Amino acid sequence: MTEKQLIEGCINNDSRCQKQVYDLYSSQMYSICLRYCTSPDIAADALQNAFIKIFKNINAFRNEGDLGAWIRRIVVRCALDQIKIEKKHLSDDFDQLTDSSTNYFEMEDQITYETLLSLLSKMPNGYRLVFSMAVLDDMNHKEIADTLQITESTSRTQLLKARKFLQNLIVQKSNLYI
Amino acid sequence: MISKSNWEQKMKAAADGHSQLPPEYVWQNVEKELHPKEKRRMFFWLGLVAVLGSSMAFLYQNASSHSQDVATSTSKVINEVLNANTTPMTALSSEDSLIKNNSEAKIDLSKPENSIASDLYAKKVTSAQPSHPGMTEKSIHTKQTKISKNSPSFVNESNENRYSIEDDVNSQKAGPLEERYKIEINDLTTTLFLTSLDRKVKMQNKIKCPSFNRKGSATLFAEFSVSGGIHNRDMMSADAEYTKLLQFRKDSESTWYNWSAEFLGGVYLNPNIYVGAGLSYSQVKDRFNYSVTGITKVIINFDPVTGNAIDTSTVIGTLVTEGEIRFSSFDFPIKIGYENNYGGWGIGAEAGLLLNLSTISQGRIFDKNFKITPIENQGDIYKKNLGLGASISLLIKKDITPDLAIYFKPGVKTYLKDWNTDPYPIKSEYKIFYASIGVRKQI
Numbered sequence: 001m002t003e004k005q006l007i008e009g010c011i012n013n014d015s016r017c018q019k020q021v022y023d024l025y026s027s028q029m030y031s032i033c034l035r036y037c038t039s040p041d042i043a044a045d046a047l048q049n050a051f052i053k054i055f056k057n058i059n060a061f062r063n064e065g066d067l068g069a070w071i072r073r074i075v076v077r078c079a080l081d082q083i084k085i086e087k088k089h090l091s092d093d094f095d096q097l098t099d100s101s102t103n104y105f106e107m108e109d110q111i112t113y114e115t116l117l118s119l120l121s122k123m124p125n126g127y128r129l130v131f132s133m134a135v136l137d138d139m140n141h142k143e144i145a146d147t148l149q150i151t152e153s154t155s156r157t158q159l160l161k162a163r164k165f166l167q168n169l170i171v172q173k174s175n176l177y178i
Numbered sequence: 179m180i181s182k183s184n185w186e187q188k189m190k191a192a193a194d195g196h197s198q199l200p201p202e203y204v205w206q207n208v209e210k211e212l213h214p215k216e217k218r219r220m221f222f223w224l225g226l227v228a229v230l231g232s233s234m235a236f237l238y239q240n241a242s243s244h245s246q247d248v249a250t251s252t253s254k255v256i257n258e259v260l261n262a263n264t265t266p267m268t269a270l271s272s273e274d275s276l277i278k279n280n281s282e283a284k285i286d287l288s289k290p291e292n293s294i295a296s297d298l299y300a301k302k303v304t305s306a307q308p309s310h311p312g313m314t315e316k317s318i319h320t321k322q323t324k325i326s327k328n329s330p331s332f333v334n335e336s337n338e339n340r341y342s343i344e345d346d347v348n349s350q351k352a353g354p355l356e357e358r359y360k361i362e363i364n365d366l367t368t369t370l371f372l373t374s375l376d377r378k379v380k381m382q383n384k385i386k387c388p389s390f391n392r393k394g395s396a397t398l399f400a401e402f403s404v405s406g407g408i409h410n411r412d413m414m415s416a417d418a419e420y421t422k423l424l425q426f427r428k429d430s431e432s433t434w435y436n437w438s439a440e441f442l443g444g445v446y447l448n449p450n451i452y453v454g455a456g457l458s459y460s461q462v463k464d465r466f467n468y469s470v471t472g473i474t475k476v477i478i479n480f481d482p483v484t485g486n487a488i489d490t491s492t493v494i495g496t497l498v499t500e501g502e503i504r505f506s507s508f509d510f511p512i513k514i515g516y517e518n519n520y521g522g523w524g525i526g527a528e529a530g531l532l533l534n535l536s537t538i539s540q541g542r543i544f545d546k547n548f549k550i551t552p553i554e555n556q557g558d559i560y561k562k563n564l565g566l567g568a569s570i571s572l573l574i575k576k577d578i579t580p581d582l583a584i585y586f587k588p589g590v591k592t593y594l595k596d597w598n599t600d601p602y603p604i605k606s607e608y609k610i611f612y613a614s615i616g617v618r619k620q621i
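These protein sequences, in sequence, are chains A and B. Under the numbering used here, residues 1 to 178 are what the first sequence spells out, in order. Under the numbering used here, residues 179 to 621 are what the second sequence spells out, in order.
Everything labelled a hint here was simulated from the structure, so no lab data went into it. There's no promise every hint is true.
According to the in silico footprint, chain B covers these stretches of chain A (three or more CB under 8 Å from chain B) [to be verified]: (1) 10-24; (2) 73-84; (3) 121-128.
Dumping the calculated DSSO-like pairs for lysine-lysine here, alpha-carbon to alpha-carbon at most 30 Å [to be verified]: (4) B:Lys546 to B:Lys463; (5) A:Lys84 to B:Lys605; (6) A:Lys142 to A:Lys122; (7) B:Lys561 to A:Lys19; (8) B:Lys190 to A:Lys4; (9) B:Lys190 to A:Lys164; (10) B:Lys561 to B:Lys546; (11) B:Lys605 to A:Lys56; (12) A:Lys161 to A:Lys84; (13) A:Lys122 to A:Lys161; (14) B:Lys561 to B:Lys428; (15) B:Lys562 to A:Lys84; (16) B:Lys463 to A:Lys19; (17) A:Lys161 to B:Lys561; (18) B:Lys562 to A:Lys56.
Model, not experiment: these values are computed from the prediction. We treat Cβ as the ideally placed atom computed from N, Cα and C, and that holds for glycine.
Isolated chain B, as found in the complex (with noise of 0.2 Å):
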């Protein structure tokens, strides 16, 4: 221990008899320091149980109709069947709700001989579709139906699938009235009893249709935008300390224009809804212009002969500082798009998240010493790192190509806090003015 004479000792006690309350800001900022990645969890969490959430409602409800459409698409093979099969048919009874033309049938379900088979079950058959093209519609029997092995296959032309018609090896084992059909339409395998009591529609694979795959799949995407746009900035300060500074800064700075690039990929969830995410880089640019005018020099003229001073003037200048002010950051955007197409035109809209992952602010500003001074120099008066965005925008698309299509998205986009660090006096929030162009390409 160093030994201290007694002024010291009286310092000493001045010094520790004294404690003072740091400011607030200062657990603010320590407590962000040490919990930022819960924050930062939880918001990620949200964004992606709300997007897996949203897919999961979507997908479901394809599933759905992706049922129907089968079931569907079942009633009009029936039909093409047997309509291709020139047997002379009897009226159809008017009891008979399966196959009625041009017309809606309906399987009830909660008859037990409308039992299902598998787990891909009709719930509704609709419009049963009229024959095979060319072709009078003709009334049938089912009892009178007998199809041969060597019955010849023809080609449904309006969608250019291929139908084979044969006995299933086990029809025997059916009833004497009914008759049993294992068609194949490409990969697509269904049988069918039909018999003239009662009607079953049974099912036993799971059926892919081709025509309705690309529904029932996601259609991956990617784009590419660039954008640029003005932007609109509040600049305020709740400590009245600093409101020459404030002033100082409203008067030398002024806002100037952004721009964008973004790389998104994505999933047509249907074809109206699509959701994706990417990674963006964007620059907001302010302008910063100072000027002070003042005297910047004197002009003395003097009498060579009697050395007085016989003339006096001044030169006033305006020094001018200009400058740009940079903030550039990197984005991983979140979206949900809806679009509805009219023809080669597409018309939506567009919202999404925005997290950002860096910040960076470049630039001479004004300190808090009122002198102009570059913005690394200054501390951390602005934050890294902006937090969670959103972003909103319209967007009118062309397709050029089937899977090829140019877009313009005319949008705002914010960051959900201010764009300074606590410490600093002065706070700026941004809302970013946009109009993008890009090129979206279905994979």
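Looking at chain A on its own, in the form it has when it is part of the complex (with noise of 0.2 Å):
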């Protein structure tokens, strides 16, 4: 079945064209709500109501640009509107700044997974949501300002401070990375 039938599928409601983009596309965008989320059942949650949101309007997919990339922004505004839910406002976490002085890293040959998660997970929220949008799902800072209702400004200035907030973290086993 190609895309375009999936999508016409969905389009008519279909649980086996649903089920197939959901399995398509599910493993990928369940690592995105990782990223973004604290926990792994906030993640599922944060997909869940993503994957609900998408096939309740996929008729506004009109095949223009690549449906992944499509199902990648909802998922990750879903991911947003999650952490908003459990209290975690973004605005909070803004212009603060920890201590990093304690929490060095050992940068290897290539960062897995799990590092990078533990790296995600020592910045301020603010700071990893800035950074994620720009560096890891390749979103401008006008997506990122109108997604985390923020100005260009804020965003460049936060993802300024996240790099070098990361600069601190990581102590350069060699000089290869930074």
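Both chains are sitting in their own frames, so use the hints and assemble them into the complex.
Written out as structure tokens, the structure reads:
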């Protein structure tokens, strides 16, 4: 079944097509949710809400662009919504800078996903979100600003601070990475 | 595109290269959200078909018995009409099978001479009644029966129906061996053909016989009841990770009581069987009670001169947290009941389906972090709609007036699925035992 046929099936609320789309993208999207959310349970809730929104609004996707990218945007938004529900408001953390002096990481040749999650978990929420959206999910500052309801300049500042924070966090084992 | 340093690219590669299967319940919940109505509709239509099907079956059965009763009443009319005329009558011939006092008479529909004029027909004529009260039974001979237009009307004392007898103007068209009578009993009109050679019963109109009307048509009723009772809760978890939480919840929560109020409108399909539907509101209540003991105060006495501690004592206290856990539900009950009447009492049973419209869960319980937290702050751990349920109860009824009765119903009800949402690892199921008292009014 082609992607177009799958989308048409989903528009017609065909559960088989919906399951195929879910199977195709759920693992990748769950991985994204895990990066944004603070626990697997919250990530699962976010993923669930995201796919409900995706299937209910799939007629808004008019085969313009990549379905995966469209789904990814919705998943990111739902993950952020879920964080808000968990009463961890973004604005609370935007100017928060934790003392990173006690949290050093030794950078290996390759970064594993677990290391990535550990690094992200050490970052304040505001930094982590902007960094994830900008660097890991390839969103530009306008999209980040729209999504987080902040200004573009705040987004730029947060990304700058996030990078500095990470530089301080990572103890270079070699000089290969920074 | 925002430019990335080397290590940022490695982080992105780690992020993009990773995928992890989400828990299975995520898809189950997505599917449930996307296709809930189909299942609900299916249950609704199944229930509706069951109720309508049983209604049709009973109505059909009732219609058949109605025909039979009409035939019986026709036979009764014949006897009374003929006996009301004091015309000398000869002995009823032995082959006369239609009118035979205090015995069973039958019409063989397979014989052409017993053909039926209308769609309403008699399959069987039973118990031709004795004559008018106070009259001695006499043999009759149809050829000699002659009823004039001026024949006096008379009242059947037994049921107060007024009969009037007159010649049918068309009777002249009947053959010499045939007498024709038009008999009116209120709105009942029957034409009888009686001949000595062959006997036919023709009913020209659909007969509405008042004495059978009540049985043939539906009797509506409305009832209101309140109930109270206790319930049983099964709490379980298939996830070993949450065994401790399950134990905490079992230790801190206990069942308490339930109550409900219900309004039902319905119809008697026959004197014994009824169906009804309505709306009910119920509350199931559990108790939360958790106590923890610990040091609440440390008292140290110092020597005022030296400043050294000379005595230390501790106060141990118990912190008790108590509360109520409440599940408030609106249900749409559909019920079918059977009752047998003994004098002014009725005894029977009732079974029903419940369609839960909404359920609100309130109270404080342990959350996944072992903190006592309001249910509403823990996300959707309890369902807002419990789905389909079932109930069964006994019925003991006492008639107060002919159309008003009070009743007592002890019963049990349950919902077919557990009360928790799928993501929540602990599942609760309730069986609700109740006793209700109510009043039923026939309309």
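So, going through the hints one by one against the coordinates:
1. 10-24: Holds: 5 residues of the region 10-24 of chain A have a Cβ under 8 Å from chain B.
2. 73-84: Not satisfied, violated; 0 residues make the cut.
3. 121-128: With 0 residues closer than 8 Å to chain B, the region 121-128 of chain A misses the three-residue bar; violated.
4. B:Lys546 to B:Lys463: holds, 22 Å
5. A:Lys84 to B:Lys605: Holds, at about 27 Å.
6. A:Lys142 to A:Lys122: holds, 26 Å
7. B:Lys561 to A:Lys19: holds, 24 Å
8. B:Lys190 to A:Lys4: At roughly 29 Å apart (the allowed maximum being 30 Å), A:Lys4 and B:Lys190 satisfy the hint.
9. B:Lys190 to A:Lys164: Within the cut-off at roughly 17 Å; holds.
10. B:Lys561 to B:Lys546: holds, 17 Å
11. B:Lys605 to A:Lys56: holds, 29 Å
12. A:Lys161 to A:Lys84: Distance ~22 Å between A:Lys161 and A:Lys84 Cα, so the pair holds.
13. A:Lys122 to A:Lys161: Judged against 30 Å, a Cα distance of about 14 Å means the pair holds.
14. B:Lys561 to B:Lys428: holds, 19 Å
15. B:Lys562 to A:Lys84: Distance of about 22 Å is within 30 Å: holds.
16. B:Lys463 to A:Lys19: violated, 39 Å
17. A:Lys161 to B:Lys561: Measuring from Cα to Cα gives roughly 43 Å; hence the hint is violated.
18. B:Lys562 to A:Lys56: Judged against 30 Å, a Cα distance of about 21 Å means the pair holds.
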